[in-house]
Structures are given as C-alpha cells and as structure tokens.
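Asks: As they're listed, the protein sequences go chains U and B.
Residue numbers 1 to 452, in our numbering, belong to the letters of the first sequence in order.
Residue numbers 1 to 94, in our numbering, belong to the letters of the second sequence in order.
Rather than coming from a laboratory, the hints here were simulated on the basis of the structure.
There could be a bad hint or two in this list.
In silico SDA-like pairs for lysine to any residue, Cα to Cα no more than 20 Å straight-line [unchecked claim]: (1) U:315 with B:94; (2) U:297 with U:374; (3) B:89 with U:229.
Here are a few chain U residues that face chain B, going by a calculated C-beta distance under 8 Å [unchecked claim]: (4) 7; (5) 69; (6) 249.
Only a predicted model underlies this, so the values are computations on that prediction, with no experimental measurement involved.
Note that beta-carbon positions come from the ideal geometry of N, C-alpha and C, so glycine has one too.
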Amino acid sequence: MTITVEEIYETASMILDQHLDIRTTTVGINLKDCIDSDFEAFRKKVHNRISSFGRRLVTEAEKLEIKYGIPIVNKRISITPVSLIMEPHAIHERFVEMAETIDMAARDAGIDFIGGFGALVEKGMTMSDRVLIDALPDVLSGTERVCSFLNVGSFRAGLNLDAINLIGKMLLETAKKSKNAIGCAKFVVFTNAPQDNPFMAGAFHGVGEGDFTLNIGISGPGVVRAVVEKNRDCDLTGLSEIIKRTVFKITRAGELVGRELAAALEIPFGIVDISLASTTAAGDSVARVIEAFGIEKTGAHGSTLAVALLMDAVKKGGAMASGNVGGLSGTFIPVSEDAGMIEAVMSGALGLDKLEALTAVCSVGLDMFAIPGDVAPETICAIIADELAIGVINNKTTGVRVIPVPGKQAGDIVEFGGLLGSAPVMAVNPFSSADFLKRGGRLPAPVTSMRN
Amino acid sequence: MKERQLLFITVIGEDKKGIVAKISDYLFKTDINIEDINQRIMGDGYFVMTMLVDIGDSKESMGEIATAVEKIGKDLSVRIQLQHENIFKMMHRI
C-alpha cells in the first residue's frame, strides 16, 4: 500500500496548522462496587480506583501521542453518577467530603477534570439526589476538578420541572461562592444525556456500562474550516460532501487512537464522539466554519441552516468512519470557548434567542454563556426549561451550561482563563415566567415517545 | 532481525541543501533503514519530503527518534514530524 506525499502532507497540515487533535480520551469507571457502609473505607476505595487508573491513562495516552504525532489534549475520567453510590450516605457534609476525595484522586492521577458528580432525575428525585443538588454550591466552588451534571428530562420520561426549579438558586449560590462564578462552568443540566459522553463538564459513566470503558472525543473545526475555504463556489450538496470526507478522515484518526489506547489499558473501547469542539486557540472555532460558508457573522439569518448542514455532514462522515459513534456527536457552539462566537455576541449578531434557535439543530445546547449575576433564579430556571423542552420534544440531547456572574451586566466581559476562555455577558429577557414555573410537576413525555 | 516497524518522517518547509543528508546521517547512526523517499513542491508552494523508515532494528525508542528529528528540523528551519504509518492507512484508505 502506497501512501502519497499529498496524503501525508494533508494529515501533517491538519495537525500542524489546523489544530487537529484528539480532544479527549475519557475512561469511564464504575464505582458501584466501592460502596461501603463504612464511609471512610468507601472514600479510600474510590480514591484508589480513580487515582491508580488515571495514572495508567495518562502514561498510555502519552505513548500514543508520540507514536502518531497527534496531540491528545485531555485525559479524563468519568464515574458512576455520584448520587447513586451515595444513597447510603445521603448527608450534605458527606457529599462534600466525597467530592474532595474525588478531586484529590483526580489530582493524584494527573487528570484535569473528572465528571459524574451528578444525578439522573428525569422522573423524580431520591433523598440522595436532593442532598447532592443542595451540596453542589459547596462542591463546585470548593473543588478544582470535579464536574457535575443533572439529567432532568428524557424523551421517555418528559421533563422534571421540580428538579429544574432547584437549579437557578443553586447556580446563583455557586456563582457567589467561586471567583468569577467559575464553579458554574463545571455544571451542565441535560435532557436525554448520553451515558457515554467523553466531553466535560457533562461526562459520566452510565449505569448501563461495564466496569471500565474508553471513550474518545475528536475535534477539528480548523480542519473543516480550511476545506470549506478551499471550496468557495460549491453548492450545499457539494459543501456537505467535502465536510463528510474530511470528518471521515479525522474520525478515523480518533478510532485508531481509541482502539489502541483501550487495548493498552486492557479495557473495552466504547465510542468515538465526533463532535466538532472549538477551543480559544486562533482558528479552532465552529463559528468561523459557519462564517466560511458565507455568513457574515454567526447569528445572522441563515445561521441555523448553516449549522444544520454542518451538523448533518459531520454525522454522516463520522458514521462511515467508526463502528461505534456515540456521546453527543455533532457540533458544539459554546460562547466563551470559541473566538468567533464571542465576536458574534460582541458585535450584536448573536443574542440568546438566536443561540437557542441554533441549539435546535446543534448537538448540545446553550453552552458556556454568561448572564448578569442579578437575574432572578426563576429566569435561570426558565432559560434551562426552554432549552431542555427542545430536547424532549425533538428526541435529542440538549443541555445548558450558564454562568450568572455577580456584579456584571449585559455587555461586560468576564475572563475565566485557560480552557474556559472569556465570555461577553448576554442580556436576558426581562419579563418573568415565575408563576408558570411555580406550577412545578413534570412535563409529560411527548406522544412520539409511544413507540412500542 | 526484529519485526518491521514502519514510520513516516515528513519534512515541510523551504527546500535547501543538506536536509536529506542530515536526516539520513542520523538514521544510519541509529540503525534505521530508509525504505522509500518522495518529495514534491505543493500547490501552496511548500517543499514536502516524506521518508518511510523501518525502526525495527534501532535501539532508540520512538520518543527519542521523534525528539532527534524534531531537533534536526529546528536546526534546518523546517518542520519535521514522525508518525507511525497506521495513521495514514486509517485516514486515507477504506
């Protein structure tokens, strides 16, 4: 088999110039067998399980980075939803202590973020779920690496408004307790949460998974943008075709690394998540891909069609490349982690309403956006409820990662630093839906869920 | 003889004297066999040279070889990458 110079150059350019990387390798770890009525023994088992496996992950991933010359940016761990394993210890202080244990284990393993400090509450909440939500402000502000999620709705169960109604207050408290409200960046609320998502902050090791599994998240908005820019005159079908081909190639790189890493760790290979994920690095922006299509600024009319085309082409290319596509698999459009999105908000092209519209066709939802810190908790709950209703009715994953920043008003900028970037504070609708939310209860599952 | 282990060395930059000489001198000293060499001027004007090498007999680890060729690249002001052939097979062949 001969590989041509052109093909080698294409791959090298993707890595060297267009930021192609393996965005994350995430090992899912089952912690159910660590449960112990002796809380100290329980904590010790959890610490040992996470830290010993985390170290192996980091070592083996680094070997593959050298072998294939492709950066593996993040090495992470997801764990069994913590509310589940904490059922026998459903006390506020113990949740905080468990979070500290998990945080320490991640640090000892050299892991920057660990996901799974959350609960599956789409239909109802156990005592443990309620205590976990109550402890989240302390957990998110008091730990460095622990990420949290709640799944509050699903296609099958409907939407748990009682759970959503707890989140606004919880986020405002978290924001007050952490610098620049950064604790809120480590929390995602979902509907239809995938149990094998490798991306933080929403990763967790689903209850239907085995003891261990390795999930891979690839990336490459820069690669897609480069190929779109080279093909300025093709029609939409042509555009879809060239994106499909490119995503096929980058997904194959992810599949290769995933399979080899799983084999080296002697654990099953789970899925490749083919989401396009932006970073704050220049050129690594999904908004810039949309703009390369011919949209002046992301958010302009036509952007929803552009995101829909991109999303669909990414999925088709990825599906051909890997036998196990999973996780979120589509296109993330976070505000603070994408230079093009930040610019679109600052120039007035993109507001919260259009962002919500874009999420109806993107893979996740309203991600990493800042709002003024003095908004009413009910308004935050209503933003979440709207976004998640899109997911429940359309049988897709949607999520919200919102950061209410104390002391900031619409138009201000908040700097998070590092991977999280900076975010322009976005205006929210000033009118109230508090009386509607007060009704509580559960949005019934949509009629389309009756498929049996 | 150990099992063959095939890697591609990719050089990207401006064409100049000594690129092949310096890399092949290092490869010879570290017991690495060159199986194939190709070079082209790309549409965007870059000079690209690829070498398919077998490191099966070498005592150097992949990491050591990667570091050494990267250093040669720095000295010559070109970018040099070392990658196992499997990544190209996966990405460019079905």
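Asks: Now tell me if each hint is right for this structure.
Replies: A quick look at each hint next to the structure:
no.	hint	in the structure
1	U:315 with B:94	holds, 18 Å
2	U:297 with U:374	violated, 29 Å
3	B:89 with U:229	violated, 26 Å
4	7	holds, 4 Å
5	69	holds, 4 Å
6	249	holds, 4 Å
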